[in-house]
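Take a look at the letters that make up each chain.
Number of protein chains: 4
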Amino acid sequence: MPVAAPTIGDLRRDAQRRLPRLAFDFVDGGADDEVTLRDNVAAFDRVRLAPRVLRDVARRDQTLELFGRELSLPVLIAPTGMARVAGRGGDVAGVRAAGRAGTAFTLSTMSNDALEAVAPHTTAPLWLQLYLWPRREVVTGLLDRARRAGVHALMVTVDVPVIGRRVRDVRNGFTVPLALRPRVAADVLRHPRWLRSMYPPPTFGNLVAEGVRTPGEALAHAELVTQLLAHPAATWADLRWVREQWEGPLLIKGVLTAADADEAIACGVDGIVVSNHGGRQLDGVPATLDALPAVVEAAAGRAEVLLDGGVRRGTDVVKALALGARAVLVGRPWLYGLAAGGEDGVVHALELLRSEVDRALALLGCTSLAGLDAAVLHHAVGGAAERPGAGAAW
Amino acid sequence: MPVAAPTIGDLRRDAQRRLPRLAFDFVDGGADDEVTLRDNVAAFDRVRLAPRVLRDVARRDQTLELFGRELSLPVLIAPTGMARVAGRGGDVAGVRAAGRAGTAFTLSTMSNDALEAVAPHTTAPLWLQLYLWPRREVVTGLLDRARRAGVHALMVTVDVPVIGRRVRDVRNGFTVPLALRPRVAADVLRHPRWLRSMYPPPTFGNLVAEGVRTPGEALAHAELVTQLLAHPAATWADLRWVREQWEGPLLIKGVLTAADADEAIACGVDGIVVSNHGGRQLDGVPATLDALPAVVEAAAGRAEVLLDGGVRRGTDVVKALALGARAVLVGRPWLYGLAAGGEDGVVHALELLRSEVDRALALLGCTSLAGLDAAVLHHAVGGAAERPGAGAAW
Amino acid sequence: MPVAAPTIGDLRRDAQRRLPRLAFDFVDGGADDEVTLRDNVAAFDRVRLAPRVLRDVARRDQTLELFGRELSLPVLIAPTGMARVAGRGGDVAGVRAAGRAGTAFTLSTMSNDALEAVAPHTTAPLWLQLYLWPRREVVTGLLDRARRAGVHALMVTVDVPVIGRRVRDVRNGFTVPLALRPRVAADVLRHPRWLRSMYPPPTFGNLVAEGVRTPGEALAHAELVTQLLAHPAATWADLRWVREQWEGPLLIKGVLTAADADEAIACGVDGIVVSNHGGRQLDGVPATLDALPAVVEAAAGRAEVLLDGGVRRGTDVVKALALGARAVLVGRPWLYGLAAGGEDGVVHALELLRSEVDRALALLGCTSLAGLDAAVLHHAVGGAAERPGAGAAW
Amino acid sequence: MPVAAPTIGDLRRDAQRRLPRLAFDFVDGGADDEVTLRDNVAAFDRVRLAPRVLRDVARRDQTLELFGRELSLPVLIAPTGMARVAGRGGDVAGVRAAGRAGTAFTLSTMSNDALEAVAPHTTAPLWLQLYLWPRREVVTGLLDRARRAGVHALMVTVDVPVIGRRVRDVRNGFTVPLALRPRVAADVLRHPRWLRSMYPPPTFGNLVAEGVRTPGEALAHAELVTQLLAHPAATWADLRWVREQWEGPLLIKGVLTAADADEAIACGVDGIVVSNHGGRQLDGVPATLDALPAVVEAAAGRAEVLLDGGVRRGTDVVKALALGARAVLVGRPWLYGLAAGGEDGVVHALELLRSEVDRALALLGCTSLAGLDAAVLHHAVGGAAERPGAGAAW
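Protein chains in written order, with this note's numbering: chain A, 1 to 394; chain B, 1 to 394; chain C, 1 to 394; chain D, 1 to 394.
Looking at chain A on its own, in the form it has when it is part of the complex (with noise of 0.2 Å):
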């Protein structure tokens, strides 16, 4: 399936036009209002870049070498869960193009494809994400998995204490149980390559060993699905915990406050991914371009920052750098990949903002990820004051 779109923003309306709109609003959506969402995208619209001219750019290098392994651009994949939503290729598609882009890829727990089913098609780092469950057998068990996949890093999600509401989903009655309107039905079935791509339907493949496949049979268990993903009991104990469990890299995700940041790498952690889930968790909070400085001042380099929300652009990319993030991650954009041309999509997807990122450096005079700081970014200065408003409509 030949990719052509442009931009990720093509990408995602080629996402919107193969799946039917439950599907893609449980990947486009977020949370409530969804005022977060929008503002991840538009804060890095309010950054500008202030480019420099006549340096040497005919080499751009755009690796980086993250917890000693390397990547061949700073973007990798963030945990989403049940991707076969988006595309019958799944998991599986993802991490194989993680590896043909040559960077890493995070299974999330509630992914479908198992661990095991996953880890033989990696060729870059695989990364693992969890939650930090009350039954710790639970966790000691999956560690045990990821190590014998070789799982590279650890990446512990510490906004889901509750899950947050996606209206978008339960207007359109992608619930569990399944409550689809009339309207959302008629447009499944105009959908029927994709109805059948959810045949058979995709169980949460990490967790069949908990007795957890199918999101009705979620539902049967109610109990144990809340004590898997949203544990509203977990403290820091819990994070200092899972480090002495796990020797190799550790993340947190979603940190917004320098006062988390700093307890987080109290508990010895090597990496905090700024995030505030994709604006699906509590709406009303700050795009993560907004969030980083703080992290990344508090951080003040005892541990690696990340970023992930928002980024849709190459130049988005290189302002979170910029602002001190060591590298992003991206959600939507590889799901948008995967809806639109499975795992050549997700490599389409991710070749795309590869060659954005290096434009970027080019055109800023920069030849390494190392000249991306706060000199790239331009500060408003003279008479030319922001005014909103009053604008002629050319």
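These are calculated hints, taken from the structure and not from any lab test.
Source: prediction; values computed, not measured.
Hints may contain errors.
Some chain A residues well away from chain B (every beta-carbon gap over 10 Å; in silico) [unchecked claim]:
no., residue
1, 3
2, 145
3, 178
4, 281
Rough simulated footprint, nothing fancy, chain D against chain C, three-plus residues with beta-carbon under 8 Å [claimed, not checked]:
no., segment
5, 29-35
6, 164-170
7, 235-246
8, 259-265
9, 285-295
A virtual CB, placed ideally from N, CA and C, is assigned to each residue, including glycine.
Dock chains B, C and D against the given chain A, drawing on the hints supplied.
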């Protein structure tokens, strides 16, 4: 009538579908150009929350004690006149719903159902709103009735020295006397169920003793109504006099400045409601959330500060409390619920807000309302300065 | 012709319905991209009012004494040329309406009705606007006529060294000579009543003595018109000379800076009208409300400061006065009224504003215009910082 | 072909009507999400002018001397490649129009008409734009041709180390090789006049000597084109070398920072063009007007500072000069004029801007460009603080 709206916004749209335009506009509209009406809502979206993670939030408690009575959530029902326009159940449905939800209902003096008809249905604190009438015997009479009915707190509205102009009502001809435009009348005829619910025409239940039953009669007694409702000569002395008459909790509603908060406290009020009458009085005053901090600072703990206006989300509640309010009141949301589903609809509105507050608490890392202070608000730092305009169209 | 529009905005829409497009655009439009035209209105919406409660506002008084004459409201009629385009009644209707409302009417030199035709209908102060013509005998002649007609104050317009370009007029072909586009001509033919009202074609009544009666003749005397209207060589010396010729109140209109206010006061003016010619001269200058404070500060009580531009609401009037204006003038509102309902329409426009000012006074806690100062303006404090974008769609 | 568009904006719409979409988008579009493209225009609307009155402005003079040559207005024609796409007349029409208007025309190296074909039509300064090619004999060859052709000034473009991505062109398939979408091709066929004007296909006139004539040949010589156009290894040393080769005025185009302005001056340039390549290179860089003040400050009079990008109005010109630019260049406006009316259309565009500058000078109280400094800019003071949102819909 089952109510499934996933947000107050959906409930509003349900109300819009069920009500004829003139009734919906009466509930939904504001004064003049509705600048303040819109700003009330927009102000909440301008505030960003700073969530903390990995605090044990397994048990969240949003109860609060207010003037010696416990409420199960920090959302009370604001006084709104003429509720029967929104739904047949009117005030009785509202007070029953408030009781089911465990929160206070504030009966408007301009309610359709009389205090004595409403009070027996109360299972939670019943509050009474009144105006500072020049005829003091009307006040004392009402206070006697309030005592007999078991009213817990008195809320004196002070922002109606004259009545604001709700332009939608004027345009619709929903005035005294009625002057419906043909288009508006035709729209009413397309809502026979609503039309039937208006027979017999709703009276001003609390004012029957004063000889005012219907808007028609009100017109015939224009002077009386002026004296009853809008009393432009009222002063702080009148408030002091009410204070002497009423031994229970006394609140003043309609304060937007620190100076008036000071005056009110000097008069001995127990609580101040920061309110702009839902944007229905003077257009161009600040959003209540923007006015709140100065009032909280002036009150300095000497009186409880509440807020109404623009609250549509659990996160709005949380933001108001973080900026110093003890609780909020909701007017339109309960009327949307009433229109959409009668008593059950009102319960639904309150339960929506409760569940949203609960989720917000968990996601902020707070286990009780006591945790909501300035620390849960995000303040921008660093390079990603806010700037208007220039957003890509995602 | 009964006029029921509940706001000036509705009156504007009435005018739009009644007038052919070219006439409406002539009244409604501004220079170039109309950035300043829109900003004049928007500036008022950027200001927030701080209402005080429980002050005795039973009696409100919006009269003011201006240059020794009492006006019944702080809203005067601004000079506007060619009023006959908006309605047959023209300037006579305007001056009669102003008299009925108890406020001053400023007759434009470019009026259709001559000073001598207008003056007998005056029952309130009549003001006369004029330009600083190079031919001083024209000025002295007009001043003689003004004295005989009982003109109270003279208003010298200084912001037309050259004439601004109103692009709507150019696009419509409403130029000298007429070059109507077919679409525009067809639209005129659909308004036969308006077309008849243009016969006989309106003359420039005040200039007949100078040999200029119609736009056609004006064209034939291009040099003369240039000398009469736009006098680019005028300087402060010319204003000083007028000051010597005129013993009554003298105002200068078209000042937007403190420096020019200073110069004008040094020339002996009694009043300064902060004006950008209704956004019809230089596009891109500040909204008059934004320019007002610096002029007020510069005047420092040595001259009255008035404002025109963008006033559409009683709260706009109140905001201008709170920022230091003594009164405001309205141009388009009176022409909308004239188009919508002739003399009665103009009265309606003024009475709308009067009732809105009255309501605003009451709701602000003020009993007279003297109470309108910086204290009635809200200034943001605390945590709810303003931020653009990101509003939920309510 | 008579051209009557009253503004550059109308001229743009004329161009849009006459050109097939792919040609219009080629002229009109920018890089990526076009954030900078829009901001270039919007930045001018954010600046407010402070007009002074009653200064004798009977004679306005907008001539300026630039590098020893007089120009009749402070607006020059910017270099734009492939002008034949906008209109058959191409560069020759442009240079003739510039001569008629009395201003400089900057010929792009990527022009269709060769320098030798253009030069004979010149009656005003002819400037030449070029890139810093790695093959220095190409540069020296072109400089020799420039001397023979009487080129006055040399403008070295430095913001194309790699070529920006104009997404509209990619979406249209207006790429090398052509890959037109059916919809786009059909649209071309509906413009037979334009299609005929493309035969014979335009060559890159200046590069014929290098063996590159058409886009097709350019493709066949991809390496060569890369060397000719985008030279990522160019450094300040290359600029210094050009300085040594060229005895006439030398400008550098594409500078947005004070640091690069300093470097350029150290290399001996005579002028700096603040430019973001019309928003066609790196999206997300500042509007040129926002970047201007820092460059002006850095230049400190040691080099002339010019600006291009977003200039559509005489007031835009005035604002740029008030912020320190000596003159501005216009790219799209001349191409809109070319598309709308050939050579006459270009003259029309320049005369529109001239008349707008003239009117702005008069209305600002200035008689020459020397009067345009910070004093003509309005800076907000007092109570009417800027605030977003909340505008009534007038």
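Original post:
Taking a Cβ-to-Cβ distance below 8 Å as contact, does the segment 235-246 of chain C have at least three residues touching chain D?
Top reply: With 4 residues in contact (Cβ-Cβ under 8 Å with chain D), the coverage given for the segment 235-246 of chain C holds.
Original post:
Checking the smallest CB distance to chain B, is residue 281 (chain A) really beyond 10 Å?
Top reply: 6 Å, violated
**OP:** Confirm or reject the statement that residue 178 (chain A) sits farther than 10 Å, beta carbon to beta carbon, from all of chain B.
**Re:** Correct as stated: the minimum Cβ-Cβ distance to chain B is 15 Å, above 10 Å.
Original post:
Against chain D, does the segment 164-170 of chain C show at least 3 residues with beta-carbon separation below 8 Å?
Top reply: With 4 residues close enough to chain D, the hint holds.
**OP:** Establish whether the coverage given for the segment 259-265 of chain C by chain D is satisfied; the threshold is a Cβ-Cβ distance below 8 Å, and no fewer than three residues must meet it.
**Re:** holds (count 3)
**OP:** Report holds or violated for chain D covering the segment 29-35 of chain C, Cβ cut-off 8 Å, minimum 3 residues.
**Re:** Per the Cβ count (3), the hint holds.
Original post:
Is the nearest Cβ of chain B still more than 10 Å from the Cβ of residue 3 (chain A)?
Top reply: Non-interface label on residue 3 (chain A) holds, nearest chain B Cβ at 19 Å vs cutoff 10 Å.
Original post:
Taking 10 Å as the cut and beta carbons as the points, is residue 145 (chain A) off the interface with chain B?
Top reply: 24 Å, holds
**OP:** Tell me if chain D covers the segment 285-295 of chain C under the three-residue, 8 Å CB rule, please?
**Re:** This one holds; 9 residues, not fewer than the three required, reach chain D with a Cβ under 8 Å.
Hint check: a violation occurs at hint 4 only; the rest are consistent with the structure.
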